[in-house]
Amino acid sequence: MRADDPSLKRIEPPTLKWHEKVYVPTILQGLAVTGRHILGVAVASQQVTVQYPEEQHVPSPNYRGVHRLNKDEQGRVKCVACMLCATACPAHCIDIVGTTAPPEWPDREKYPASFVIDELRCIYCGMCEEACPVEAIELTGLYDITGLSREEMIYDKAKLLSVYDVTRDAEPMKYTQVPAEASAPTRILPPLSH
Amino acid sequence: MDVILNFIGSVLGMTGTYAVLFGGLGTYLLLPHRHGAIRPRAAHGAGLIAVALGLLIYMTYWRPPGLLLPAVFLYVFGATSVIGAVLTITSRDPVASALWFASVVLSTAGLFLLAEAPFLAAGTIIVYAGAVIVTFLFVIMLAQMEGKADYDRAARSPGWATLTSFIILWCLLASIATLKTGEKVGTGIHHLARNRLEPEKQLLRSRDLEAYIGSPDANMTGVVRRAVSPMSLVADARLAEGEAADNPEATSVLVHRPNVAGIAASMYTDHLASVAIAGALLFVALVGAVAITNPRMPVRPSSSDPAQRAAVGSVRP
Amino acid sequence: MPPTDIFTLEVLRDYLLIGAALFALGILGFLSRRNLIVMFLSAEMMLQGVALTLVGFGRYHGNWTGQILTIMILTVAACEASIALALIVILYNRRSSLDVTLWQEIREAGVPATPASLISEEAEPVDAAPGPESYPHLTPAGVEPAHPVEPWIERRS
Amino acid sequence: MLVLIGIVIKMLVVVGVTQGAVAYLILVERKVAAYAQDRIGPNRCGPFALIQPLADGAKMLLKEDVIPGYVNKPLYLLAPLIAIVTATIGFAVVPFGPVGVSAPGVSLPFGMGDYKVDFQIAPAIDIGIVYVFAVGSLAVYAVILAGWASNNKYSFIGGLRSSAQLISYEIPLGLSILPTVLLAGSLDLNAIINYQDALGESLPFGLGSLGFLGWGVFTCPIGFLIFLTSAFAETNRLPFDLPESEQELIGGFHTEYSAMKFGMFFLGEYLHVITVSFLTVVLFFGGWDLPGLSQEQVGWIPALLKTGVLVGKVALMIVFMMWIRWTLPRFRYDQLMDLAWKALIPLALVNLVAMMVFLQATRS
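Taken in order, these protein sequences are the chains called A, B, C and D.
Residue numbering for the first sequence follows our numbering, beginning at 884 and increasing consecutively.
Residue numbering for the second sequence follows our numbering, beginning at 15 and increasing consecutively.
Residue numbering for the third sequence follows our numbering, beginning at 5 and increasing consecutively.
Residue numbering for the fourth sequence follows our numbering, beginning at 7 and increasing consecutively.
To be clear, the hints were calculated from the coordinates, so they are not data collected in a lab.
Being a predicted model, the structure only gives us computed values, none of them experimental.
Accuracy of the hints is not assured; some may be wrong.
What the hints assert, rightly or not - The calculated DSBU-like cross-link candidates involving lysine-lysine, where the alpha carbons are at most 35 Å apart (straight line), are:
no.	chain 1	residue 1	chain 2	residue 2
1	D	Lys348	A	Lys904
2	D	Lys16	D	Lys159
3	D	Lys348	A	Lys900
4	D	Lys348	A	Lys892
5	D	Lys79	D	Lys69
6	D	Lys16	D	Lys122
Working from the sequences, and respecting the hints, build out all of it.
Okay, here's the thing in structure tokens:
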């Protein structure tokens, strides 16, 4: 596009008035703004941050934290190993090995023998959650996932299911129940044995 | 013939001659140029040794003031200024040159302090070290970003230049060496009031303008009289007499008045014309510098296209 | 007994000696160096030598004249520096070099020019930088990059 | 001899106290930054994070010191030294309390006589403020050398910017104090304080009873504004921190410095902040002057009181500089130069001439 293209709309910068040109009154206004903030925190404790290990921040209901694999009413994993989430994942961090469902599970053909998510590769976009036809995979509000090695951060099926157990009370499944307005803070994940 | 031989003999008799010889040889070796078949590193080592020898001999000429601290500072500042001067002119990297010159300026300021000229010391540091050298560094860094240039590694006829300058130095030494303490000038030389109280014998003063103008216009004369009356001298003399009378020890420091007040009083009474001239000079230099670096001038005439050259001049900044 | 001043004739002579050395070395630098900026630094060094002499004399005689002359020298030096800097910037813009021998055509009539061959012959040899200039480049993901032995030395000499 | 020992003791005290103050200033800066951004800031090390400076210092000392292979080594090592030395020696003429006749004296044991305790390392230097400017003008070398010796484009651009900036802003800085100096008739910082004190008490129409109207900020407010602006530029503080702008120059001149060498630049910057705050307080806020304090009061209690007042004013000034930091965005480079050459220098000249005319008209 040329610089003199007629379809270009030129926007002039605002012309400064004299009291803006001498800087001083506007600087005083700015000082008043920052001064309010400084005094607000120093005197009235109006800070927006929390003291993390002692107080826990409760994220908003649509926060996208660590994944969980949901269980149905009988305690079975809800996933039917359809691979839609792995296909939808832009980071290719989901690895599913499906196998034929046992005969006592009449409602599905397959279930995941292994379901592994690399939490270090995941970009927490929530596409898997949207792709899932049976609401099996969901992103929870847990944000404090840590690990001492890369292997520890690769979550397998057992660990993902245990995330569901931990967060079941605080965050009910999104499409079955209405989420509570302000849920209780979630606890730290207990260490898992592989 | 005898005259020439006598002259050579007396020249060789001066220790200053050896200082000049060694210093000249060393500086010649240190200057950037091709030393024939000698490896540069060997030549530079020899040059350093020769310069150090010359400086040591030169320093035997110096006579420190009586107190310990001023003596130490005199030797330190003197040596650093001379060493810094040698390194300024022999460094291949112009940035290093500028920094060594900064060390020269700083040690000179130290010598000013020893001579009880603190205002001048601070002024020198502000003007030279703080402004001049920094702007020069700015230009060097912009102009020479790719290391040592060809012309920094080649001096122009270093031999002749060294010879010329060190002959000048030897002449200066010979004339300074004739300053003999207390013999020719007289015993009264140590006295406090040396020639302070004889203003008529000093340099031409601005107040002499009054006589030169000699105009019948009384108003003009009045202006001149009021502006250039030599009050600093009178005040100095009164002060010196007064203090010498009741406190002889205080007069060991010669300059009684506060440095700034003294300089200012003298500058705006005795040297008013010089101040005016200096102001005019600064103004002319300001106008000149602005006029020279006109950004509308064609900067690179190597591009032979006249249209492009015209465009350079008319482009919006 | 008259009060003694520590700034005796001998001390004055020290100042004169140091000033003379600075002056002579400044002449040497101005005559022999080819970098415009180093030449101007040498000129300023001559001024410093003179200033030292003046201050010494002024202190010895116990008047302010030496210091005031030095202030005038400072003024002149500041003017000189500004004009010189402006000139150097203009000259650099014309030739892209700070070499003073590139401006031989503005010498006085009748003075022989320094031949260019002589100047380039006199240049001191410089130690060649080891190896070509090379920057590390990105390897494909997952492949460990090859480490040179001295990774930084090759970058710039 | 006694004087020499006194000076050495004063030097040790001043250097020790200022270096310690710098450590805690960094804490204060982090706290103010946090408050301005609605955070809490460091609060883990001890009560009110008072041990945080020690932790920071230990971290600086124990970090791995990396010297890149491509730097110009002598200059690279010299630059942080220059930064810290030039920042420290400026304190030689700064008065920390009463000096001269109002300074308290102590009588020494063993018949060694009386000793006057001046709250200044080098008292009775009549070029005081010119000395501070001379030393301050050397500080630019640290930045330039660091930028040049690092052999790195970002550092180099930072060094170039700073050389132009510091040279430009020295002029309005020097011009802006001249009206105050003219009023007081001396370059000595003590004389300037004493003049402000005396002027404040001698004002007509009952204004003298207020006591603080003789401060430089009331007698030449334009000079104060120019001085404050230029001082921010000289100390590389935030509206003018172009040499080290983190966003576009990734730290500028100290990009290549690590561990204690970086810490020395940091120390130098904060020492500059302290010096500039002292100068501002001495020149424009009457130094130790408060209503009720005057230069005739002799003795230890008024002396310590005056020192406390001075240090308190300086602390307020420093907090103000930090406050400004989180208020104003960084200037663009051409705006910076325009501000110096087209606004501040003409304004300072006009201010100076106006003060000269006023003095000539009233005093002759």
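We went through each hint and held it up to the structure:
A distance of roughly 13 Å separates the Cα atoms of Lys348 of chain D and Lys904 of chain A; the hinted pair therefore holds under the 35 Å criterion. The straight-line distance between the Cα atoms of Lys16 of chain D and Lys159 of chain D is roughly 42 Å, outside the 35 Å bound, and the hint therefore fails. For a cut-off of 35 Å, the pair hint linking Lys348 of chain D to Lys900 of chain A stands: about 18 Å separates their Cα positions. Distance hint between Lys348 of chain D and Lys892 of chain A is fulfilled; the C-alpha atoms sit about 32 Å from each other, no more than 35 Å.
For the proposed pair Lys79 of chain D and Lys69 of chain D, the alpha carbon gap of about 20 Å is at most 35 Å, so the pair holds. Between Lys16 of chain D and Lys122 of chain D the alpha-carbon distance is near 12 Å, which keeps this suggested pair within the 35 Å criterion.
Of the numbered hints stated above, the single one contradicted by the structure is hint 2.
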